[in-house]
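For the sequence shown, the residue numbers in our numbering are 1 to 73.
None of these hints come from the bench; they were simulated from the model.
Among the clues, some could well be false.
[Said to hold, decoys possible] With a straight-line cut-off of 25 Å between C-alpha atoms, the simulated SDA-like cross-links for lysine to any residue are:
id: 1; residue 1: K67; residue 2: I8
id: 2; residue 1: K23; residue 2: I8
id: 3; residue 1: K67; residue 2: G11
id: 4; residue 1: K23; residue 2: A9
id: 5; residue 1: K23; residue 2: G11
id: 6; residue 1: K23; residue 2: I34
id: 7; residue 1: K67; residue 2: T46
id: 8; residue 1: K67; residue 2: I38
id: 9; residue 1: K67; residue 2: I31
id: 10; residue 1: K23; residue 2: I69
id: 11; residue 1: K23; residue 2: L42
id: 12; residue 1: K67; residue 2: S48
id: 13; residue 1: K23; residue 2: M54
id: 14; residue 1: K67; residue 2: V52
id: 15; residue 1: K67; residue 2: I55
id: 16; residue 1: K23; residue 2: G49
id: 17; residue 1: K67; residue 2: F14
id: 18; residue 1: K67; residue 2: T10
id: 19; residue 1: K23; residue 2: F43
id: 20; residue 1: K67; residue 2: T22
id: 21; residue 1: K23; residue 2: F4
id: 22; residue 1: K23; residue 2: P68
id: 23; residue 1: K67; residue 2: F30
id: 24; residue 1: K67; residue 2: G56
id: 25; residue 1: K23; residue 2: S48
id: 26; residue 1: K67; residue 2: I35
id: 27; residue 1: K23; residue 2: I47
id: 28; residue 1: K67; residue 2: R25
id: 29; residue 1: K67; residue 2: I3
id: 30; residue 1: K67; residue 2: I16
None of these values were measured; they are calculated from a predicted model.
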Amino acid sequence: MFIFIIGIATGFNFIIILWKFTKNRIVDGFIDLIILAIISILFAGTISGLSVGMIGSAFVSLYLLVKPIGVYK
Numbered sequence: 001m002f003i004f005i006i007g008i009a010t011g012f013n014f015i016i017i018l019w020k021f022t023k024n025r026i027v028d029g030f031i032d033l034i035i036l037a038i039i040s041i042l043f044a045g046t047i048s049g050l051s052v053g054m055i056g057s058a059f060v061s062l063y064l065l066v067k068p069i070g071v072y073k
C-alpha cells in the first residue's frame, strides 16, 4: 500500500509540473523542479526519505498551483 501511495504522489507531482510548463508558468515549474532536486539530494539513499521528499514536493506543487508566483495572463 505504501508503494502505491508513493507512486500516486510521484505521478501527481510530475503531472502538475508538466501542466505548469504547458501553461507557460515557467517560474513555478522550475521552482518545483529545484525543490524536488534538493529534496532528492537531501534524502538520497532511503526509500522512506525519498517518499517523504516526493510527498513534500507534491504539496509545494499544489500550493504553487493555487498561489502562483508572479502575474500570469
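Tested hints:
1. K67 - I8: 23 Å, holds
2. K23 - I8: This hinted pair holds, its Cα atoms lying about 22 Å apart.
3. K67 - G11: Holds. K67 to G11 sits at ~21 Å (cutoff 25 Å).
4. K23 - A9: Judged against 25 Å, a Cα distance of about 21 Å means the pair holds.
5. K23 - G11: Roughly 18 Å between the alpha carbons, so the hint for K23 and G11 holds.
6. K23 - I34: 19 Å, holds
7. K67 - T46: It is violated: about 31 Å lies between the C-alpha atoms, which goes past 25 Å.
8. K67 - I38: 21 Å, holds
9. K67 - I31: 13 Å, holds
10. K23 - I69: 14 Å, holds
11. K23 - L42: With a Cα-Cα distance of about 30 Å, the restraint between K23 and L42 is violated, given a limit of 25 Å.
12. K67 - S48: 29 Å, violated
13. K23 - M54: Roughly 22 Å between the alpha carbons, so the hint for K23 and M54 holds.
14. K67 - V52: 22 Å, holds
15. K67 - I55: The hint holds at about 18 Å.
16. K23 - G49: 31 Å, violated
17. K67 - F14: The hint holds at about 18 Å.
18. K67 - T10: 21 Å, holds
19. K23 - F43: This hinted pair is violated, its Cα atoms lying about 30 Å apart.
20. K67 - T22: Satisfied, since the Cα-Cα distance of roughly 17 Å is no more than 25 Å.
21. K23 - F4: The hint is violated at about 29 Å.
22. K23 - P68: 12 Å, holds
23. K67 - F30: 15 Å, holds
24. K67 - G56: 16 Å, holds
25. K23 - S48: With Cα atoms ~32 Å apart, K23 and S48 exceed 25 Å; violated.
26. K67 - I35: Cα-Cα ~16 Å, so holds.
27. K23 - I47: With Cα atoms ~32 Å apart, K23 and I47 exceed 25 Å; violated.
28. K67 - R25: 12 Å, holds
29. K67 - I3: 29 Å, violated
30. K67 - I16: Distance ~14 Å between K67 and I16 Cα, so the pair holds.
Of the numbered hints stated above, those contradicted by the structure are hints 7, 11, 12, 16, 19, 21, 25, 27, 29, listed in ascending order.
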